[in-house]
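Q: Residue numbers (numbering that gives the first Met the number 0), protein chains in the order written: chain A, 0 to 430; chain B, 0 to 225.
Careful, some of the hints might be misleading.
Claimed, not checked - Quick partial rundown of chain A residues pointing at chain B, CB under 10 Å, derived from the structure:
no.	residue
1	L1
2	S8
3	R37
4	S322
5	R329
6	I337
7	G338
8	A339
9	Q343
Unchecked claim - Derived CB-CB ranges, DEER-like:
no.	chain 1	residue 1	chain 2	residue 2	range
10	B	G138	A	L416	51 to 59 Å
11	A	Q407	B	S172	26 to 34 Å
12	B	D117	A	R6	18 to 26 Å
13	A	L373	B	Q72	57 to 65 Å
14	B	A142	A	H385	51 to 59 Å
15	A	Q407	B	G25	46 to 54 Å
16	B	R192	A	L1	18 to 26 Å
17	A	S365	B	E127	39 to 47 Å
18	A	Q407	B	R204	48 to 56 Å
These are computed hints drawn from the structure, not numbers from a lab. Please read these numbers as outputs of a predicted model, since none were measured by experiment. For each residue, glycine too, the CB sits at the ideal point set by N, CA and C.
Okay, here's what each chain looks like letter by letter:
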Amino acid sequence: MLLKITRASLWNRRFAVALTLFTVAISVALLLAVERLRVETRRSFASTISGTDLIVGARTGPVQLLLYSVFRIGDASNNIRYSSFQELAALPQVAWAIPISLGDSHRGYRVLGTTSTYFEHFRYADQRGLKLARGAEFAGIGEAVLGAEVAARLGYEIGDAVVIAHGIGNRDIMVHDDQPFRVVGILERTGTPVDRTLHVSLQSIEAMHADWQHGVRIPRRPTAGDGDASREVGHDVHVAPATAAAAPQTITAVFLGLKNRAAAFALQRQINEYSGEPLLAIMPAMTMAQLWSLVGVAESALLLVAWCVVVAGLLGMTTALVSTLSERRREMAILRAIGARPWQIAALLMLESALITLLGTALGVSLVQLGVLLLAPSLSGQFGLHLQPLTFTLRELGLVLAVLVGGQIAGILPALLAYRRSLADGLTIRI
Amino acid sequence: MLSIEDLRFSWQPGKPLLDLPSLSLGAGESLFLRGPSGSGKSTLLNLVGGVLSAQSGSIRLLGHALETLKPRQRDRLRADHIGFVFQQFNLLPYFDAIDNVLLSCGFSPRRAERAGADPRAQARMLLERMQMDVDEVAGRPAAELSVGQQQRVAAARALIGAPELVIADEPTSALDADTRDDFLALLFDECRRAGAALLFVSHDRSLESRFDRSVDLIEINRARAT
Chain A
0 MLLKITRASL
10 WNRRFAVALT
20 LFTVAISVAL
30 LLAVERLRVE
40 TRRSFASTIS
50 GTDLIVGART
60 GPVQLLLYSV
70 FRIGDASNNI
80 RYSSFQELAA
90 LPQVAWAIPI
100 SLGDSHRGYR
110 VLGTTSTYFE
120 HFRYADQRGL
130 KLARGAEFAG
140 IGEAVLGAEV
150 AARLGYEIGD
160 AVVIAHGIGN
170 RDIMVHDDQP
180 FRVVGILERT
190 GTPVDRTLHV
200 SLQSIEAMHA
210 DWQHGVRIPR
220 RPTAGDGDAS
230 REVGHDVHVA
240 PATAAAAPQT
250 ITAVFLGLKN
260 RAAAFALQRQ
270 INEYSGEPLL
280 AIMPAMTMAQ
290 LWSLVGVAES
300 ALLLVAWCVV
310 VAGLLGMTTA
320 LVSTLSERRR
330 EMAILRAIGA
340 RPWQIAALLM
350 LESALITLLG
360 TALGVSLVQL
370 GVLLLAPSLS
380 GQFGLHLQPL
390 TFTLRELGLV
400 LAVLVGGQIA
410 GILPALLAYR
420 RSLADGLTIR
430 I
Chain B
0 MLSIEDLRFS
10 WQPGKPLLDL
20 PSLSLGAGES
30 LFLRGPSGSG
40 KSTLLNLVGG
50 VLSAQSGSIR
60 LLGHALETLK
70 PRQRDRLRAD
80 HIGFVFQQFN
90 LLPYFDAIDN
100 VLLSCGFSPR
110 RAERAGADPR
120 AQARMLLERM
130 QMDVDEVAGR
140 PAAELSVGQQ
150 QRVAAARALI
160 GAPELVIADE
170 PTSALDADTR
180 DDFLALLFDE
190 CRRAGAALLF
200 VSHDRSLESR
210 FDRSVDLIEI
220 NRARAT
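Pulled out of the complex, with its shape left as it was, chain B reads as follows (with noise of 0.2 Å):
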């Protein structure tokens, strides 16, 4: 579903950041990318979201090359197939839960026909599985949210319309313990439930376990290495 070979990026000529000879991710399946903050995690996200483009090398998503894709292409394929989950501030201030999940679909014609017939009961209940009291928060704007509430919201947006994958880039690290279990365990029902493959970015090897595979960026990319 997504694959990556020879890769390279820089933002500096002569100064590689990227250098990956290959990294695959297979339908619904679950990725841990391991990574400290400043090895080049942020600057992969947006090369494989279509945002950046590489130097040389092939991103292939769903069967697309995203180097021979116009920004424009790139953006439809982000906005149709791909959910984000970011470690904190994922949400407009001023709209509610509600109106940030129904975002996604507002992008995406794709997403909004795929929620069904009706996006805004889709979106309650994909907040409900998400553990979310929808009449308590309905109405009120989501800087009223706890972090934990925010987060979950954040992957409801990324979840409904079913998109291909999901990233997620250290989205439990705003949260304490007790929360980064919960949310995690809802997160990996609800990609189960999609049928979303989930590439999870983390620094927290204590996550690690709980994943189909496990990738050390710093170790699998050579220009680090060398």
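Just chain A, same shape as in the assembly (with noise of 0.2 Å):
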């Protein structure tokens, strides 16, 4: 009888408790959105590299090494000798090691200097490889493999040339345009900094730079008849052409697979104390955590103003509801003569706040199943999140549960009104 009244009594306000309704359900749904994107965010975050045990570079902290290594963001202060890698690779440990090379850029877009090592084990997300959406992996100097956006972005095709600028940044002031790279390949997307990424070989950047000293080219002084393949150096410095360049004399840092994890803690302490020079290793997982620990502020941040909105979507129900009261003293009224208990009168009140959040919370949560189906692959394509439509985990059950019992306690004001104003105004309301 009373969930008959509650009924009756919503449907006949429908338009006031319809825009409630709204409020509850853009809150709910702003809500579960936030969350949605915070999971994917850090689950997106966490697959940006994986199956690397170490990754060693010169000495700094560990979270600047993550940052300019794994997410391209940043400089290293210093590169580490060839002759360091050449050792670490050959450490009985190490299972295969990844030579790396930053510091140059294509507009605005990172150029990576590695060897094949870095396509056959670097692993991203669960284990997964890189693969070649188009083309073939570089082979020799000149030859570059785009990254999935820098390919989409610029428009960038198999065959194309590319201009690669010495330093970062969008304007190529210095530019090496006297050594264009020509594109041989194209990466799948992988939604991490690998596809904002041109990647070439050690010896291409090795040969890009031969001619160039502390960032400023110097002119070149043909030597007899060698043409391309015999070049002076500034300082009188010679280096033997082709064979020099595949022999770069530093790179930025390593990424080190073990045959046995449980070795790296060892072998961590072991690099950082390596005599030769000043290196810094760290193991990704951990790092990473400490780098989330500052950006999870943010999330926490951003949860925390969604609640903030459930509760005052909340609070707008209440003041709806209190709002009624006294327009329905007579209604309370007549169910008191009828033999209404008060306690009923407050149920009612009850009854209406926990069907408004139950409609809402619902009425939010299709508009987020709604949402996700529309904008996934949006998302998906421009910043790698990779949302699930029409799924609903254990914590977003969790989530809703909590709005729910939220409405029901934004619903004991009006009731405890509606039950305080009945018993005063008994059978006869004097108006």
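Starting from the two chains in their separate frames, assemble the complex, guided by the hints.
A: Encoded structure:
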């Protein structure tokens, strides 16, 4: 009987009720959307690199090393010697070693010099390897493999020429235009910084910088008949062409895969105490967690704001219900005359808030599901966030239940007021 | 069936509103209780309905002394044994006529049981006896009915499940003369048919002659006399 009265009463005020319901729905949708993005962002962040047991670079902060080697954010303050890399690669615990060399860019996208071991051993997400969407890996000097976003945004295809700038940034003031690269391959989308990277061989980087010292181009002095094959680099240092380019002097960092992961701690210590030059080894997972604890504050703040919006929505419902009470005093008096107990009057209000919250939440959940269904393709393409449409996690269920409980708490005040007024008014209201 | 003895009630201490030495109503009897507004009749009805309790004295309804009952028991007694008709706005505006009548059964299992195997059919029958075109008003919210129609629906609601007492508080003052006479005739007929006593409160003396007995609240209320 109470439910029937509540339903009819709500339907009678359907316009105002619909507004309240939408307020609740939108706040719930916002809460769930933030939760979705939060979980997915964290997952996407954590899946940037996997399978690499140690990252080694010049001595700096662990987070900084992670930022520039994995996320391509910021610059290395120092490079490490190529000979150090060779020593690391030769260690008995090491299964594989990927050298990387950073420092150049192409229209804002970083250029990464490496070897074919990168394509073979680099893993992201759940041990996924890099795959070529088109073309092939670079084989020689002057060949480039593009990340998916670089190719898509800049409209490059296999065979296009790419000019690389020294340093980082969009303004290609100092351009290696004497050394244009040719696109030979384009990688499949990964949703990681790999998508925003141009990959070339270490030798290409070396060859590109052969004429440069301290970031400035040194005019080439042609030597007898050698042409490109022989160059004189400033300070009368002779570098043997081609073969010399094949042996780089320095690199930026090394990704190491170990035969036995348990050896990581010991090896990390060993590398940090290396006497040849100051090195820093980090375990990616640990430093990622450290980095996330910084980033995570923003994420928690976002969730807090979303909760505030939910509270505001439910307070809006409380206000709407309280404001109906005076015009419904007659209704309450009629029910009292018929024999309704005061708690039944209060229960009517509790039922109303429960119904509004329930319907509003259901609508909010539907909105999120619909939104994900519509936006998932573009989010996945632009930000590498893979939202699963038509799913509902246990955590989301928890959030929804919390909102429902909150709705019931928000109904207590109007119910209490209705209870007290119906006791005071009795059967006849003096208006 | 209903007897009041030495009932004293005041909203504020020292300012008694009601002081009734005795007032009674027999089973099936109709009583006209005359009183202008402000004479304390609404308060008296709230006391008889068990919504208010008096400072002293006794109200016995069907053998129950209201002052000894808990609020819950008084609410139950009201739901089971009393039907109310007020001056105006008796109905839930968003329910149709039939659902409004059935409200009485919704809050009282006893009256639902006394309304027969099919309370809905009983509600329709009562509305028809009240000369309502049930098919025409069914499904229409009560707010769309005329005042005369609304009062007849209220009477049907007060009567369904055959309560022992029907209390009518100025039920005709919002009606014009013709409608008023029709309504009164129907109300009398149905109270008689249900065997319900009728306590009719009004200031309109022209109605007085139709009742078994008439009492002037101002005359019997000692609180006013002094």
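Q: For each hint, tell me whether it holds in the structure or not.
A: Going through the hints against the structure:
no. : hint                        : in the structure
1   : L1                          : holds, 9 Å
2   : S8                          : holds, 6 Å
3   : R37                         : violated, 43 Å
4   : S322                        : violated, 18 Å
5   : R329                        : holds, 5 Å
6   : I337                        : holds, 5 Å
7   : G338                        : holds, 2 Å
8   : A339                        : holds, 6 Å
9   : Q343                        : holds, 8 Å
10  : B:G138 - A:L416: 51 to 59 Å : violated, 33 Å
11  : A:Q407 - B:S172: 26 to 34 Å : violated, 43 Å
12  : B:D117 - A:R6: 18 to 26 Å   : holds, 23 Å
13  : A:L373 - B:Q72: 57 to 65 Å  : holds, 59 Å
14  : B:A142 - A:H385: 51 to 59 Å : holds, 54 Å
15  : A:Q407 - B:G25: 46 to 54 Å  : holds, 49 Å
16  : B:R192 - A:L1: 18 to 26 Å   : violated, 31 Å
17  : A:S365 - B:E127: 39 to 47 Å : holds, 46 Å
18  : A:Q407 - B:R204: 48 to 56 Å : holds, 53 Å
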